[in-house]
Amino acid sequence: WYQRRVREAVVSTQSTGSSGINAEYGEYIQKNLKLYEMIHGYKLTPNAAANFSRKVLAKALRSNPYQVNLLLGGVEDCGTPSLYFMDYLASMTKEKFAAHGYGSFFILSTMDRYYKDDMTRDEALDLLKLCIKEVQSRFIVNLNSFSVKFIGKEGITVLENIPGSGTVHKDVPPRSNPPPNSSPVLKEPVSLTCL
Amino acid sequence: MSILEYNGASIVAMKGKNCVAIASDKRLGIRFQTVSTDFQKIFPMGKKLYIGLPGLATDVMTFANELKFHTNLYQLQENRELTPKTFLSMVSNFLYKRRFGPYFVEPVIAGLDPTTDEPFIASTDLIGCPMVTDDFVVSGTCWSSCTVCVRLCTSLTRAQMSCSSASPSVS
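First to last, the sequence lines map onto chains A and B.
According to the working numbering, the first sequence is numbered sequentially starting from 1.
According to the working numbering, the second sequence is numbered sequentially starting from 1.
Note that these hints are calculated values from the structure, not bench results.
Here the structure is a predicted model, which means the values were calculated and not measured.
Just so you know, even glycine gets a beta-carbon here, dropped at the ideal spot from N, CA and C.
Wrong hints could be hidden among the right ones.
Counterexamples of contact, computed for chain A against chain B with all Cβ distances above 10 Å [said to hold, decoys possible]:
| no. | residue |
| --- | --- |
| 1 | N47 |
| 2 | L61 |
| 3 | R62 |
| 4 | T93 |
| 5 | R138 |
| 6 | N144 |
| 7 | S145 |
| 8 | I156 |
| 9 | L159 |
| 10 | I162 |
Partial pick of chain B residues on the chain A-facing surface, computed with a CB cut under 8 Å [to be verified]:
| no. | residue |
| --- | --- |
| 11 | L28 |
| 12 | I30 |
| 13 | L56 |
| 14 | T58 |
| 15 | T62 |
Please put together the full structure from these sequences, using the hints given.
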């Protein structure tokens, strides 16, 4: 996972893929947005920043493509938030909620069910925790912890990490090794990796 | 799964008496996962000229932007709006320019002549082969099933549809 603070107080991007390419792309976008601000004296809106990012991806697509999937979120000066989902092929949509990767198959369903337009920040954080819980219980890969950033009118706030491990369903008791000689076939106990 | 089916799209355009109708779905998918239910695929290129772009979503956006740029330039230079026929030639030309590295879109054009209001529908393939028809055009992942449906509609209502019957037929 690679994150880049693209612009102070307004926009932050998240991208998946191999780190070297992410760093180059993220930095390129960040510095260009900063340059725009320096030249013109005002910041780009999230919509403009997203379209710029898309243009960079699209231009490179047929020669030297970036393997970067993006979620670009930002808040305008007047307070209107927007979230843009961008594929590595540079297809872009404005969404109320979005997710990338294998986890997205689970997260989008959870969000479909529980997302509301007028959620407060705490409700949103609860929904995020629910999504992470869902991923932890359904996704085959064990993910340690999740970093959380909140983008509001006042800027980017880094929140506490949400731990992935240990958030299994309440009903399911924690796994333990089976007692020795329980299986008629195996002679020795098999050790299981616990979540 | 072919590259033209990666994002999924269906576009239909029909001609009626002094009118045209064009319709598209709004789904953006990545293979079988639906990512967005609000993705624009029909773009206005004039007051009475629309182009529907099914195919790879990134090329849909890129191609629509490029076309909009060139139609705007045309309007500024010629001081008049594009006719649909000229627009078809423009689309065909831009697609063939990329003959060996094409845009993965198969556009559908629907519009009225800016001066005479004569209806016009056409479509091209991804490398710009133009096809002008008198009744309907379909494009996108559903083209085979759509063709059957639309042919059924048009056989029932004939070519003298008015505007009001054209829209329900298209939907």
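For each hint, the structure was consulted:
no.: 1; hint: N47; result: 14 Å, holds
no.: 2; hint: L61; result: 7 Å, violated
no.: 3; hint: R62; result: 6 Å, violated
no.: 4; hint: T93; result: 4 Å, violated
no.: 5; hint: R138; result: 15 Å, holds
no.: 6; hint: N144; result: 26 Å, holds
no.: 7; hint: S145; result: 26 Å, holds
no.: 8; hint: I156; result: 25 Å, holds
no.: 9; hint: L159; result: 26 Å, holds
no.: 10; hint: I162; result: 24 Å, holds
no.: 11; hint: L28; result: 6 Å, holds
no.: 12; hint: I30; result: 7 Å, holds
no.: 13; hint: L56; result: 7 Å, holds
no.: 14; hint: T58; result: 4 Å, holds
no.: 15; hint: T62; result: 5 Å, holds
Taken one by one, the earlier hints fail for this structure at numbers 2, 3, 4, listed in ascending order.
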